Amino acid sequence: MTEAATATIPVPSDYKSNVKPVWCPGCGDFGVLNAMAKAMARLGLRPEELAVVSGIGCSSRIPAYTACYGFHGVHGRALPTGTGLKLARPDLTVIVTGGDGDGYSIGGNHFLHACRRNVDLTYIVMDNRVYGMTKGQPSPTTETHWTSKLAPLGTGINEFHPMAIALAAGANFVARGFTGDPNGLADIIVQAIETPGFSFIEVLSPCITFRPEQKDWKKTVRHGNLSSTADLALAARQIFSDDGMNLGVLYAGARPPYRPPIGRGRVAAADLAAEFRI
Amino acid sequence: MSDRDRNDPGSANEFMAQACALEAEAAERYAELAELMRAHHNSEVAELFGKLARIEGLHRDQILERMGWASAPDPATFRWQTPEGPETTDFADLHYLMTPWHALGLAEHNERRAAEFFERVAGRADLSADLRAVAAETAVEERGHVRLIQAWQARFPEPGPDWDEDLDPPAAVD
Amino acid sequence: MPHPTDIADNTSPGAAQRSSLSVALVGSGGAGVMTAGNILLEAAATAGYYALMTRSSGPQIRGGEAAAMIRIATHPVECMDDRFHVLAGVDWENVHRFAAEISLAPDGVIVGDPGRGEAPLVFSRSGAAFEPLPLARIAKEISGGRANMVLLGYLAALLGLPEDALRQATASLLGKRPAALEASLVALAAGREAAPAAARLVLEPALAGPAARWLVTGNEATGLGAIVGGVRFVAAYPITPATELLEWLSPALASVGGVLVQAEDELASINMIIGSSFGGVPALTATSGPGLALMTESLGLAVAAEIPLVVVDVMRVGPSTGIPTKSEQGDLNIALCGLHGDAPHLVLAPNGVADCLQTAQWAVALAEALQAPAIVLADQFLGQARAVVDSPRDPRLYGKRLCAAVGSKDYQRYELTADGVSAMAIPGTVGAAYTADGLEHSERGTPSSQAADHVAQLGKRRRKLELHDYGALWADIEGAGEFAVVTFGSSTGPVREALARLPGHIPPIRLVSLRLLAPLPRDRLSEALAGVHKLLVIEQNESGQLFHYLRGVADLPPESSSLRKPGGQQFNPGEIAQHLIEWSGT
Chain A
1 MTEAATATIP
11 VPSDYKSNVK
21 PVWCPGCGDF
31 GVLNAMAKAM
41 ARLGLRPEEL
51 AVVSGIGCSS
61 RIPAYTACYG
71 FHGVHGRALP
81 TGTGLKLARP
91 DLTVIVTGGD
101 GDGYSIGGNH
111 FLHACRRNVD
121 LTYIVMDNRV
131 YGMTKGQPSP
141 TTETHWTSKL
151 APLGTGINEF
161 HPMAIALAAG
171 ANFVARGFTG
181 DPNGLADIIV
191 QAIETPGFSF
201 IEVLSPCITF
211 RPEQKDWKKT
221 VRHGNLSSTA
231 DLALAARQIF
241 SDDGMNLGVL
251 YAGARPPYRP
261 PIGRGRVAAA
271 DLAAEFRI
Chain B
279 MSDRDRNDPG
289 SANEFMAQAC
299 ALEAEAAERY
309 AELAELMRAH
319 HNSEVAELFG
329 KLARIEGLHR
339 DQILERMGWA
349 SAPDPATFRW
359 QTPEGPETTD
369 FADLHYLMTP
379 WHALGLAEHN
389 ERRAAEFFER
399 VAGRADLSAD
409 LRAVAAETAV
419 EERGHVRLIQ
429 AWQARFPEPG
439 PDWDEDLDPP
449 AAVD
Chain C
453 MPHPTDIADN
463 TSPGAAQRSS
473 LSVALVGSGG
483 AGVMTAGNIL
493 LEAAATAGYY
503 ALMTRSSGPQ
513 IRGGEAAAMI
523 RIATHPVECM
533 DDRFHVLAGV
543 DWENVHRFAA
553 EISLAPDGVI
563 VGDPGRGEAP
573 LVFSRSGAAF
583 EPLPLARIAK
593 EISGGRANMV
603 LLGYLAALLG
613 LPEDALRQAT
623 ASLLGKRPAA
633 LEASLVALAA
643 GREAAPAAAR
653 LVLEPALAGP
663 AARWLVTGNE
673 ATGLGAIVGG
683 VRFVAAYPIT
693 PATELLEWLS
703 PALASVGGVL
713 VQAEDELASI
723 NMIIGSSFGG
733 VPALTATSGP
743 GLALMTESLG
753 LAVAAEIPLV
763 VVDVMRVGPS
773 TGIPTKSEQG
783 DLNIALCGLH
793 GDAPHLVLAP
803 NGVADCLQTA
813 QWAVALAEAL
823 QAPAIVLADQ
833 FLGQARAVVD
843 SPRDPRLYGK
853 RLCAAVGSKD
863 YQRYELTADG
873 VSAMAIPGTV
883 GAAYTADGLE
893 HSERGTPSSQ
903 AADHVAQLGK
913 RRRKLELHDY
923 GALWADIEGA
933 GEFAVVTFGS
943 STGPVREALA
953 RLPGHIPPIR
963 LVSLRLLAPL
973 PRDRLSEALA
983 GVHKLLVIEQ
993 NESGQLFHYL
1003 RGVADLPPES
1013 SSLRKPGGQQ
1023 FNPGEIAQHL
1033 IEWSGT
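Protein chains in written order, with our numbering: chain A, 1 to 278; chain B, 279 to 452; chain C, 453 to 1038.
Think of the hints as simulated: they come from the structure by calculation, not from any bench.
Fair warning: this is a prediction, and the values are worked out from it, not measured in the lab.
We treat Cβ as the ideally placed atom computed from N, Cα and C, and that holds for glycine.
Keep in mind that a hint or two might mislead.
Said to hold, decoys possible - Per the computed footprint, the stretches of chain C lying under chain A, defined by three or more beta-carbons under 8 Å from a beta-carbon of chain A, are: (1) 681–695; (2) 835–848; (3) 875–888.
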């Protein structure tokens, strides 16, 4: 770049509202908000053409922190809400956001069917492997031996494997990002939005309050270690030999999105009565 | 990764754009952190971040004035070896009970990374002598900032090991 | 005091012609009683009669036993009669299971193939005469002939339906299969020939032609009303007895530029339509009790975030899986009070098959105007009954939402306006972006845990529903007098018919059939009941849900009581008439 930006070029701050986040200082979710704003600016989308839809949880507070249209619904149902919005308004860019509890536990069934349905959405899950807003209970992605008040001996349950599930259930784009790398995450979000169909991004988002040990993720993540493929078998092999710390795009396919036509009818509503006339 | 950023400057103009962008991003982040700490009632650190935001803003403005530009380029259009600009504070390094000593430690780390970035540009044989000279000059400035911040930090006592002890449990929100 | 049967039947035994006749066609599943029933219904319609058909079947998905119950009349009918005049069986396998639904008139007839044995005692002991018809033998003589068509030809002749109407209806239903049509026409003629020349049970001539009539089910009427009202997005999960509504809507929506999405469950359905409506596209889902139960959390979201939407609950017998194929007005409590928190919303109920259109259309219009969820309580009877009705008038009620203009200055989504309705910004509107929230919020929409914001927003959401002028549609009010009956939904049909049978026998009774159940227009109800000193609330459930609701929110006359009947079997006019006679003290 040799010239300073002019007023017509959107900048990330155009996509942030002046509502102050409730997140703890040190929370990974700030990085996601930043990355989203960067991605939106890079795509040059107008804030009013974007909708950010979420459920309940720390990360689900994100819509109000954007300058886009937002919807903060009930726990676990962000994907159906985003799906309904996108199907009714295919002209909008719809980003669905939430956490691991919202997306994989209470909303688990919707996750499967959103992948399968492959509507042109981007789903960003901020995974901190804990329920933050209810003060630190294990989530589906919590390590089996992690102890908490609710599970003093650990969960004793195997962790959910979101990327493998997304791949198997039919998502067209599967990637992993890290909140400590907002620029890398922004790259992934841009690619996710640009890829037709359902794009799933697992974002490692440390919880400083209930999982302070996750601060070490900064040292353990491996940037660009996933290699993007359109071959499901290769992607599957890669994800099943992964320790959860490899970042990048895992799968970018060509599965056709579900796009029922809306607004293309020719019949006047009142004419539907004809079939009932004797 | 090579030691050359994908977007390392190729001209003095580009170099100044990049320098301006990283100052702008650092200023913006400090301002965000100030707001954030204010929301968490850590006014001492909020004020300090506010001050740092103004200082970085000043640096940005100096470059803008020197180049005759109206506004800073978007930092997101550059690629750095660090996750964000070399002078930008990582959100993850915050704690709501942090003290000015911690905050200045972060600032020092940022200035040091900025100095290293400029030193690396100054040391690149493939760049023009003019550009390398400007980079070296800027690097010296950043080293100066490192020392200033160190002196500033020395005015605050290093907190004890229990500085982040929380006397209240976290709140359940939703 | 007159005996109820004297007043219950529209004609006395032995009369030459009847204004209403009821026929039950029974047989094993696959024997074609439903096809025959549909042709008979359409033939009646073509001949200028009003008619109504309901159906019943055993628990098997294929096979089992089936019954098509048809009432044909010279006047509009919104319920089945007390008794059936004709029971026609292709065979008698397991049809005793329908005994409770098919009560035969003593002067009725049972038609069946003597080769298939006798009709079950539970039917024959009514005193109805048995008319043997060798169905199998006659059908066998016709190439491709079927017993159900022979039986249908016989029945049409017995009832005095014109041959032309029957042929026309048969052609309309089987026209796409010429070979089947040809064989059927021959079988119909053979059946007609076998019928007695001088029948006892003959319909009065139809009063008018079929020109201004529809043949429609309640589910179809609901779907049409929704689309005419403006709905263009439907997300739903299949459930009996709402599925036919969805199946009608799917192609119909596509043809008008809308879309129907099959969701993974009812939680998804309701949230998908919330998403669509948030996006500015009026939306609806249809379900039954179990699905409504799953949706209640998100209905609360629609209340709090002020999202217009319509949920049609085609009620079936509950609780739990209950009896999915039978009707009950048992979801009133959950529809009125099932949401957590103080959550003002709309509850409406159609009171007839044709009224499903008007009520659904009104529900869309109200939801859109008031930015609130509306629950429409239809039921299995209304939804699945196929009826010949007078063409419904277009009530000219269309969804109109107050939307924020482009560049609204200092836009506040949840602004505290005088009438409680605030402009909704549709995504895409420049300068009005906001976040819709189920969290309590300020006028701007920012989450707030302040009691003052909560009080203000609660008041706003209540006010917009209470201050709205609902006009005359809130109830059908008929008659005058010091006695009144209040009812709703599918109970209205038998109540109305019972009242029509009573004049001359007892003091006049007013009828109030509520179409708008929440918010209940209390002042208008008081007006409607002015001068009434004795009130009876009639409903199809065991616990008296409407009665207790009205007692809780309305000023009822001190002498108020309740007539209830659990679902599974519809009220018939005779039993209501009998109760009204006793209740009114004559």
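Hints versus structure:
no.	hint	verdict
1	681–695	holds (count 3)
2	835–848	holds (count 3)
3	875–888	holds (count 11)
Every hint from the earlier list agrees with this structure, and none is contradicted.
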